[in-house]
Amino acid sequence: PYVRYVSIFRNHGLEAGASLSHTHSQIIATPFVPKIVGEELQASEKFWREKGECIFCNIIKRERESSRFITENQDFVAFAPWASANPMEFWIFPKRHTPTLLEITENEKLNLAKILKTCFSALKNLLNDPPYNFGFHISPNEKTRQHYNWHLEDYPKLAIWAGFEKSTGVYINTVSPENAAESLRKAIST
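Per the working numbering, the sequence shown starts with residue 1, numbered consecutively.
One or more of the hints may lead you astray.
Stated by the list, open to error - Ranges of calculated distance between the beta carbons of each label pair, as one might list FRET restraints:
hint, residue 1, residue 2, range
1, Glu-142, Lys-186, 12 to 20 Å
2, Gln-26, Gln-146, 37 to 45 Å
3, Ile-8, Leu-110, 28 to 36 Å
4, Thr-190, Arg-145, 34 to 42 Å
5, Glu-106, Ala-162, 38 to 46 Å
6, Gly-52, Phe-164, 35 to 43 Å
7, Gly-52, Thr-174, 32 to 40 Å
8, Thr-30, Glu-142, 14 to 22 Å
Because the hints were derived from the structure by calculation, they are not lab data. Cβ atoms here follow ideal geometry from the backbone N, Cα and C, with glycine treated the same way.
Can you make the complete structure from the sequences, with help from the hints?
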């Protein structure tokens with residue numbers, strides 16, 4: 001057996017499906033690339049071939065100017081993604097194109113910690129410390145480095161996916177990403 005992907009994620013709260021009652025992070029190696037990351041890799045490679053740039057770097061530029069923008073610091077930007085599946089979902093991206101966490105500088109590590117604290121403090125204050133999961137999406141190999149950018153996706157557990165969502169893969173999100181971003185921006189500024 002060999003490793004094709006390393007999943008790094010955090011569970012907070014039993015309602016988030018945590019197997020342990022306390023907040024914890026885990027690292028799991030798999031012999032396959034997860035479907036969602038595989039789809040991101042395919043889309044980012046196609047965009048690279050057609051446009052000659054990283055799709056994630058393009059998304060960052062657009063989201064910094066959108067109503068879904070939440071906050072940023074010297075090295076990172078946070079925004080609520082377009083068509084998010086979860087209420088209050090947000091993503092954090094590095095501003096510098098970096099395919100893997102292994103390549104971030106000491107200063108970027110510090111600024112990642114700062115933006116994580118900012119966003120999760122806002123979420124905690126806004127929604128009384130809700131359960132959540134977050135995971136890092138990282139490049140699985142050297143071949144994807146020019147067109148893939150690592151990022152973190154946070155999924156607050158505020159809704160229950162029921163029959164429709166599970167049977168169709170279509171998710172009903174009762175909070176628009178624009179409203180989620182506005183609420184998080186306000187929570188950060190108070």
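Here is what the structure says about each hint:
Taking the beta carbon of each, Glu-142 and Lys-186 are about 42 Å apart, not inside 12 to 20 Å as hinted. Checked against the hint of 37 to 45 Å, the pair Gln-26 and Gln-146 fails, with Cβ atoms roughly 29 Å apart. Take Ile-8 and Leu-110: their Cβ atoms lie about 18 Å apart, and the range 28 to 36 Å is violated. Range check, Thr-190 to Arg-145: Cβ separation about 40 Å, and the 34 to 42 Å hint holds.
Checking the proposed 38 to 46 Å range against Glu-106 and Ala-162 shows it holds: the Cβ atoms sit about 45 Å from each other. For the pair Gly-52 and Phe-164, the beta carbons lie near 40 Å from each other, so the given range of 35 to 43 Å is met. Evaluation of the 32 to 40 Å hint for Gly-52 and Thr-174 yields a pass: the beta carbon distance comes to about 38 Å. Between Thr-30 and Glu-142, the C-beta spacing of about 18 Å keeps the proposed range 14 to 22 Å intact.
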